[in-house]
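Asker: The residues making up each chain are set out below.
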Amino acid sequence: MFNANVPDEYGRFGKFGGRYVPETLMNALIELEEAFNTYTKEESFIQEVNYLLHRYSGRPTSLYYAQRLSEHLGGAKIYLKREDLNHTGAHKINNAIAQGVLAKRMGKKKIIAETGAGQHGVATATVAALLGFECKVFMGEEDMKRQQLNVFRMNLLGTEVVPVTSGTRTLKDACNETLRYWVSHVDDTYYILGSATGPHPYPQMVRDFQRIIGDEARKQILEQEGRLPDAVVAAVGGGSNAMGIFYPFVGDAGVRLIGAEAAGKGIDTKEHAATMTLGSPGVFQGSMSYLLQDEYGQVQEAHSISAGLDYPGIGPEHAYLKDTGRAEYHPITDKEALDALQLLSRTEGIIPALESAHAIAQTAKLAPSMGKDQIIIVSLSGRGDKDVEAIMKYVNPSEASFATQNFKGVTGHDAH
Amino acid sequence: MTLTNQNRIDRKFAELKALGEPAFIPFITIGDPDLRTSVDIIKTLEQAGAAIVELGVPYSDPLADGPVIQRSSMRALGKHQISVRDCIEAAKLARSEGCQLPFILFTYYNPVLQFGLEKLFQTLADSDISGIIVPDLPMEEDEEVRTVAERFGIHIIPLVAPTSNARIHKIVSRASGFVYCVSSLGVTGARTSFHSGIDEFITTVRKSTDLPVAVGFGVSTNEQFARFSKTCDGIVVGSALVRQIEEALPLLESEATYRQGLLQISNFVRELIGK
Numbered sequence: 056m057f058n059a060n061v062p063d064e065y066g067r068f069g070k071f072g073g074r075y076v077p078e079t080l081m082n083a084l085i086e087l088e089e090a091f092n093t094y095t096k097e098e099s100f101i102q103e104v105n106y107l108l109h110r111y112s113g114r115p116t117s118l119y120y121a122q123r124l125s126e127h128l129g130g131a132k133i134y135l136k137r138e139d140l141n142h143t144g145a146h147k148i149n150n151a152i153a154q155g156v157l158a159k160r161m162g163k164k165k166i167i168a169e170t171g172a173g174q175h176g177v178a179t180a181t182v183a184a185l186l187g188f189e190c191k192v193f194m195g196e197e198d199m200k201r202q203q204l205n206v207f208r209m210n211l212l213g214t215e216v217v218p219v220t221s222g223t224r225t226l227k228d229a230c231n232e233t234l235r236y237w238v239s240h241v242d243d244t245y246y247i248l249g250s251a252t253g254p255h256p257y258p259q260m261v262r263d264f265q266r267i268i269g270d271e272a273r274k275q276i277l278e279q280e281g282r283l284p285d286a287v288v289a290a291v292g293g294g295s296n297a298m299g300i301f302y303p304f305v306g307d308a309g310v311r312l313i314g315a316e317a318a319g320k321g322i323d324t325k326e327h328a329a330t331m332t333l334g335s336p337g338v339f340q341g342s343m344s345y346l347l348q349d350e351y352g353q354v355q356e357a358h359s360i361s362a363g364l365d366y367p368g369i370g371p372e373h374a375y376l377k378d379t380g381r382a383e384y385h386p387i388t389d390k391e392a393l394d395a396l397q398l399l400s401r402t403e404g405i406i407p408a409l410e411s412a413h414a415i416a417q418t419a420k421l422a423p424s425m426g427k428d429q430i431i432i433v434s435l436s437g438r439g440d441k442d443v444e445a446i447m448k449y450v451n452p453s454e455a456s457f458a459t460q461n462f463k464g465v466t467g468h469d470a471h
Numbered sequence: 023m024t025l026t027n028q029n030r031i032d033r034k035f036a037e038l039k040a041l042g043e044p045a046f047i048p049f050i051t052i053g054d055p056d057l058r059t060s061v062d063i064i065k066t067l068e069q070a071g072a073a074i075v076e077l078g079v080p081y082s083d084p085l086a087d088g089p090v091i092q093r094s095s096m097r098a099l100g101k102h103q104i105s106v107r108d109c110i111e112a113a114k115l116a117r118s119e120g121c122q123l124p125f126i127l128f129t130y131y132n133p134v135l136q137f138g139l140e141k142l143f144q145t146l147a148d149s150d151i152s153g154i155i156v157p158d159l160p161m162e163e164d165e166e167v168r169t170v171a172e173r174f175g176i177h178i179i180p181l182v183a184p185t186s187n188a189r190i191h192k193i194v195s196r197a198s199g200f201v202y203c204v205s206s207l208g209v210t211g212a213r214t215s216f217h218s219g220i221d222e223f224i225t226t227v228r229k230s231t232d233l234p235v236a237v238g239f240g241v242s243t244n245e246q247f248a249r250f251s252k253t254c255d256g257i258v259v260g261s262a263l264v265r266q267i268e269e270a271l272p273l274l275e276s277e278a279t280y281r282q283g284l285l286q287i288s289n290f291v292r293e294l295i296g297k
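Those sequence lines, one after another, are chains A and B. The numbering of the first sequence is the working numbering, which starts it at 56 and goes up by one. The numbering of the second sequence is the working numbering, which starts it at 23 and goes up by one.
Hints are all accurate, no fakes.
Stretch by stretch, here's where chain A covers chain B in the computed footprint (C-beta under 8 angstroms, at least three residues):
no., stretch
1, 75-83
2, 89-102
3, 156-166
4, 183-189
5, 206-213
Here are a few chain B residues that sit away from chain A, every Cβ distance over 10 angstroms (derived from the structure):
no., residue
6, 29
7, 37
8, 233
9, 268
10, 282
Since the hints were made in silico from the structure, they are not lab data. For glycine and all other residues, C-beta sits at the position ideal for the given N, C-alpha and C.
Starting from the given sequences, assemble the full structure and let the hints guide the process.
Answerer: Structure representation (structure tokens):
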């Protein structure tokens with residue numbers, strides 16, 4: 056049964072979540088949980104975080120009616136929750152600011168983080184500079200190649216980027232390395248985890264620090280349309296932006312919550328990151344959730360054109376939302392995401408991050424089947440600047456108009 | 023299930039206590055470089071003075087392990103996709119060839135979960151494996167596993183860390199077999215210094231339980247082995263041994279030098295434990 060009051064005291068969302076970590080980390084997690092429960096209730100903490108979110112990051116971000124995109128797709132009215140307008144260009148800054156302030160309250164001196172696409176790394180490096188922390192960000196060697204610009208940005212901000220050469224050299228291994236480093240330096244170091252994953256209290260904490268996306272969107276759509284949306288769509292890797300925008304709507308039974316996950320080269324190939332579609336329950340990086348694994352419980356490599364979605368796990372609350380039927384998750388291929396990226400660029404003048412392009416692709420499939428009086432809110436979790444170099448080898452802008460045509464073809468709906 | 027299975031670890035500690043000797047508990051990654059060689063390494067360790075062997079199940083995401091054991095896991099997975107079942111088979115083979123050592127399976131939780139709890143503990147009992155260590159299963163999460171393990175008479179060896187503080191008492195009060203003290207903050211791997219409060223920590227654990235107390239994570243030299251022999255009933259050596267095996271791989275991979283490779287491992291162990 057679905058219950059909105061999760062997690063429980065053990066950090067469980069139904070059977071998912073929990074704390075599967077080496078004993079060395081348990082005290083740190085308990086200390087973190089206590090600090091989270093104490094400080095986030097204090098007025099001075101809330102004020103400091105809100106001040107930084109508003110004056111430094113630029114919140115509230117706008118809820119923008121994408122008229123040209125809506126008209127092009129010929130169905131529901133599409134609103135974009137513009138997390139790309141945040142300082143540093145993605146929703147990741149919300150969580151980094153709040154955890155950074157928490158680390159300060161806890162008296163920690165150093166900050167560590169993991170990053171895939173680099174957005175969380177840049178957000179953490181930014182907050183470390185702002186609040187005066189020494190900072191290290193762990194990043195897979197493969198991702199460092201794919202996201203050189205973000206590596207450079209982190210260095211400019213005074214953060215050391217530590218290349219991770221173990222395993223698949225991507226986000227999954229960066230997470231392992233960060234946890235390993237944390238085990239050794241747990242006395243003075245705070246780990247800013249960037250997604251709604253990991254051991255309790257991280258999934259709950261990240262959700263609560265990201266729910267501002269959904270809280271704002273809910274208020275804004277009521278102001279602009281006088282009603283709630285019919286669907287909320289967001290891309291899901293670990294699932295922080297999706298959890299952030301979904302959470303304030305989970306109690307609204309009439310609002311469909313739809314996650315778009317990375318299907319890479321297709322769910323009929325081995326190169327995908329479709330954890331919800333093809334994964335099974337397992338324990339990975341500190342919590343029980345859906346997982347891409349083989350029959351022996353070995354974690355499988357994930358693939359996505361987006362370094363941020365290239366992850367074999369998913370946050371435990373998403374697993375819970377899926378199992379209880381409250382949210383649905385659909386796979387989007389690299390190709391569909393690239394087409395959607397061009398579609399949004401051409402119709403709205405907004406180049407989305409590859410992650411967000413997955414949500415746009417899902418929306419492009421959905422919107423034409425809906426009525427013109429219906430409303431979709433899409434989490435535009437980040438801007439595409441970081442990906443431009445990576446997509447240059449796949450996209451020929453002079454052919455991009457074909458991409459926008461493609462989406463009309465798949466709808467099967469008489470748009471006009 | 024056999025009674026001897028339940029008691030191999032307990033009997034071994036009782037035997038060594040009577041002799042006044044510490045238990046040397048080596049860890050190896052099973053399947054590095056292959057199952058047959060792992061069995062021969064187990065037998066070599068027994069001859070060189072091991073008291074109990076930890077059979078490491080190779081895992082794709084070994085969170086508690088440092089680079090040496092990570093590398094050995096990757097080798098075992100890369101070459102032969104060694105699974106929990108293969109590790110159990112290696113133990114059975116060693117036993118059938120005369121090995122009398124108590125065996126402990128060392129595995130992360132997800133392979134256990136996918137094998138199936140009931141099925142795994144049944145198989146461990148049937149295969150004369152006496153205990154299991156799951157480094158990513160803290161006491162808050164182990165209820166179900168504990169219930170099944172107890173039913174089959176398998177010891178779940180708990181880890182306690184220098185950061186466990188108030189948790190120590192609760193952890194050891196539920197323990198069986200022995201208590202495994204993590205000597206330092208951090209992952210597995212040889213190191214030159216241990217946690218500054220290590221002796222006090224071991225004393226605290228000792229006061230909290232009548233069970234044997236072992237120490238591990240980072241022990242790599244004879245001097246360190248001797249140091250902990252004074253305060254602990256058992257000493258676990260993992261990374262330092264796995265590194266020796268890594269260095270012996272070129273010898274182990276050729277029939278002509280295979281014996282020499284095993285001898286090299288044996289010599290390392292004898293020097294380490296001073297025998």
